[in-house]
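Note that the protein sequences, when read in sequence, are chains U and S. For the first sequence, the residue numbers in the working numbering are 1185 to 1305. For the second sequence, the residue numbers in the working numbering are 35 to 141.
These are calculated hints, taken from the structure and not from any lab test. Be aware that one or more of the hints could be misleading.
What the simulated footprint calls covered on chain U by chain S, stretch by stretch (three residues with Cβ under 8 Å from a Cβ of chain S suffice, anywhere in the stretch; the number is not a length) [to be verified]:
#, region
1, 1225–1231
2, 1234–1243
3, 1263–1270
We treat Cβ as the ideally placed atom computed from N, Cα and C, and that holds for glycine.
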Amino acid sequence: QEVLVESGGGVVQPGTSLKLSCAASGFSFWKYGMHWVRQVPGMGLEWVAFMRNDGYSRYYADSVKGRFTISRDNSKNIFYLQMNSLRVEDMAIYYCARDDFGGHSKPVDAWGQGTLVTVSS
Amino acid sequence: DIQMTQSPSTLSASVGDTVTITCRASQSISTWAAWFQQKPGKAPKLLIYKASSLESGVPSRFSGSGSGTEFTLTIISLQPDDFATYYCQHYNDYSWTFGQGTKVEIK
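Just chain U, with the same shape it has in the complex (with noise of 0.2 Å):
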């Protein structure tokens, strides 16, 4: 049973950086890529970021590009989230996800729970 579970969110101020982490379990994580979702709590899905099994194929949305960088270490089974000069617009629950696109065509088969990013001055 694969499981993710995201950590490291709390309340930070404009400007400072924060780093989120996703740690799974119960599955190969180094034959699978992972996503970044965030979700202002009561509005709509944003794709974050994507990271392919190799650890070196990393795609952004242009509005973290610059700012965010994700990576992950395979020996630990953990994806990263490095957010830097966040802005009050960040704020978010973030989502990581397991794609599954080259396994089965489809675009995720597991979700963690989520992890509340909050940025207030």
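Assemble the complex: chain U is given as a structure, and chain S must be docked to it using the hints.
Same frame as chain U, now just chain S:
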């Protein structure tokens, strides 16, 4: 960038109704569209992928159709558990784009 425009934003319906939600892509995406259901405080749940393939475990009252730029999600005989927010999505092998969402509420 491809945009996904979903309508309506809110839909009022009764148990037993058949409802249809539409999503339009800003350019052809073949059948690379999916539909999700989300309930408050929960992660999204995949219902339909490749425009019309039903995800395992999803009731058959949910169906998807379309290709190119026009996609629809249909729910036949709406059940109490179906009142939720629904999102369409374009996906490929490196990025996702979501529609704005449709809240299906009790009439």
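### Query
Broken hints, numbered, in rising order?
Hint 3 contradicted; others consistent.
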